[in-house]
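Protein chains in written order, with our numbering: chain A, 1 to 99; chain B, 1 to 242.
Please keep in mind that the hints were generated in silico from the structure rather than gathered at the bench.
Please read these numbers as outputs of a predicted model, since none were measured by experiment.
Cβ atoms here follow ideal geometry from the backbone N, Cα and C, with glycine treated the same way.
Don't take each hint at face value.
Label pairs and their computed distance ranges (CB to CB) [what the hints assert, rightly or not]:
| no. | chain 1 | residue 1 | chain 2 | residue 2 | range |
| --- | --- | --- | --- | --- | --- |
| 1 | B | I11 | A | D92 | 29 to 37 Å |
| 2 | A | P88 | B | A127 | 13 to 21 Å |
| 3 | A | P88 | B | G99 | 43 to 51 Å |
| 4 | B | A222 | A | P88 | 16 to 24 Å |
| 5 | A | P88 | B | A158 | 25 to 33 Å |
Listed next, the stretches of chain B that the computed footprint assigns to chain A, with coverage defined by at least 3 CB atoms under 8 Å from CB atoms of chain A [what the hints assert, rightly or not]:
| no. | segment |
| --- | --- |
| 6 | 49 to 61 |
| 7 | 65 to 72 |
| 8 | 96 to 106 |
| 9 | 133 to 142 |
| 10 | 209 to 219 |
Covered stretches of chain A (chain B as the covering partner; in silico rule of three or more C-beta atoms under 8 Å from a C-beta of chain B) [what the hints assert, rightly or not]:
| no. | segment |
| --- | --- |
| 11 | 19 to 27 |
| 12 | 60 to 74 |
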Amino acid sequence: MAITWYLAVSGILFALGLFGVFVRRNPLVLLLCLELMLGAANLALLAFDRYHAQNDGSILAIIVMVVAACEVTVGLGIVVAMHRRGHPIDVDKTRELHG
Amino acid sequence: MTEVLFFLSAIVAIGGAIGVIALKNPFNSVLALVVHLIALAMLFLLLHSEFVAAAQVVVYAGAVMVLYVFVSAYVGEDGETWTSGGRLQRFFAFLLAAGLGAELLIALLGSGLKSLADESELPTLEAGFGGAAEIGELLLTKYLLAFEAASLLLLAAAVGAVLLARRRPGGIPEGPRILSVKDLVSSAGTGSMTEGTRGTLAARGMEADRLAERRVAEAQAAKARDAAKSAAASAPDAGSDA
Numbered sequence: 001m002a003i004t005w006y007l008a009v010s011g012i013l014f015a016l017g018l019f020g021v022f023v024r025r026n027p028l029v030l031l032l033c034l035e036l037m038l039g040a041a042n043l044a045l046l047a048f049d050r051y052h053a054q055n056d057g058s059i060l061a062i063i064v065m066v067v068a069a070c071e072v073t074v075g076l077g078i079v080v081a082m083h084r085r086g087h088p089i090d091v092d093k094t095r096e097l098h099g
Numbered sequence: 001m002t003e004v005l006f007f008l009s010a011i012v013a014i015g016g017a018i019g020v021i022a023l024k025n026p027f028n029s030v031l032a033l034v035v036h037l038i039a040l041a042m043l044f045l046l047l048h049s050e051f052v053a054a055a056q057v058v059v060y061a062g063a064v065m066v067l068y069v070f071v072s073a074y075v076g077e078d079g080e081t082w083t084s085g086g087r088l089q090r091f092f093a094f095l096l097a098a099g100l101g102a103e104l105l106i107a108l109l110g111s112g113l114k115s116l117a118d119e120s121e122l123p124t125l126e127a128g129f130g131g132a133a134e135i136g137e138l139l140l141t142k143y144l145l146a147f148e149a150a151s152l153l154l155l156a157a158a159v160g161a162v163l164l165a166r167r168r169p170g171g172i173p174e175g176p177r178i179l180s181v182k183d184l185v186s187s188a189g190t191g192s193m194t195e196g197t198r199g200t201l202a203a204r205g206m207e208a209d210r211l212a213e214r215r216v217a218e219a220q221a222a223k224a225r226d227a228a229k230s231a232a233a234s235a236p237d238a239g240s241d242a
């Protein structure tokens, strides 16, 4: 398969993730949509890796996965803390992340 | 065969992404993302990135998604989870996302890189391409700094998650009421999260003052009652003596 196809899929997935971030209100689903965008970026990185027959893009993809894992742990920690304090799990109703 | 596998996994990946956005229940969204990630790993495999594909399945579909499932089961579904901005917000969101998608596709497909679209011009791969050995060597030689920075980031994230999810006694930290400058500046009733749980600052202050006044009044009344009782007890004695 030509690299163009992979890049097209990557672009579509990124736009879908962006649409989800705009539209959804549940912070849990927002994190999922961020994962979609990061995955799309990874796909583009690996496609160009194949294009150049080098492994450098894979390193960047792995770093992206590490960053995504960090973002998930902290984000889910915030969601759990919000739930424990009885705040609504809704980004529109959350104005202040204070104690 | 490659074409069939590519289109199959691409369609499943895009379908999973649409499922993440469209499903109302966050739990179902998480499951749709698992499907999406596995299809994405298949695309990685088709690009000969075996190690990243394996890491994707093990780390993402395995570990991170379990975390998501736990949290979404813990938090639960809270009714309506779609946008509150209504039709207009959804329209503009679609416009922006579609615009960005079109821009990306134009940039990628209309690029001057002719060999992008031609499979026969792709370079031939060496034997170990995308394997754990090559990537491990790169991580520990050329990209050692990035590797160390990533480990530091993971440590910081772990500490932060423990701090955030720590269970405090009583949910809200106890202790003396501390006034910050922000409390004095901000007008009451701004609808902040603090106010939602503890009431507005003015209401809290008035409540505390009223409690203190009542306590003082009760103490005075009790003292007066005691004094009257002791006076009444000593009065008959005085009368009999007389």
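Going down the list of hints, with the structure as the test:
{"no.": "1", "hint": "B:I11 - A:D92: 29 to 37 Å", "in the structure": "holds (33 Å)"}
{"no.": "2", "hint": "A:P88 - B:A127: 13 to 21 Å", "in the structure": "violated (55 Å)"}
{"no.": "3", "hint": "A:P88 - B:G99: 43 to 51 Å", "in the structure": "violated (31 Å)"}
{"no.": "4", "hint": "B:A222 - A:P88: 16 to 24 Å", "in the structure": "violated (45 Å)"}
{"no.": "5", "hint": "A:P88 - B:A158: 25 to 33 Å", "in the structure": "holds (28 Å)"}
{"no.": "6", "hint": "49 to 61", "in the structure": "holds (count 7)"}
{"no.": "7", "hint": "65 to 72", "in the structure": "holds (count 4)"}
{"no.": "8", "hint": "96 to 106", "in the structure": "holds (count 7)"}
{"no.": "9", "hint": "133 to 142", "in the structure": "holds (count 5)"}
{"no.": "10", "hint": "209 to 219", "in the structure": "violated (count 0)"}
{"no.": "11", "hint": "19 to 27", "in the structure": "holds (count 7)"}
{"no.": "12", "hint": "60 to 74", "in the structure": "holds (count 13)"}
Checked against the numbered hints given earlier, the structure breaks hints 2, 3, 4 and 10 and satisfies all the rest.
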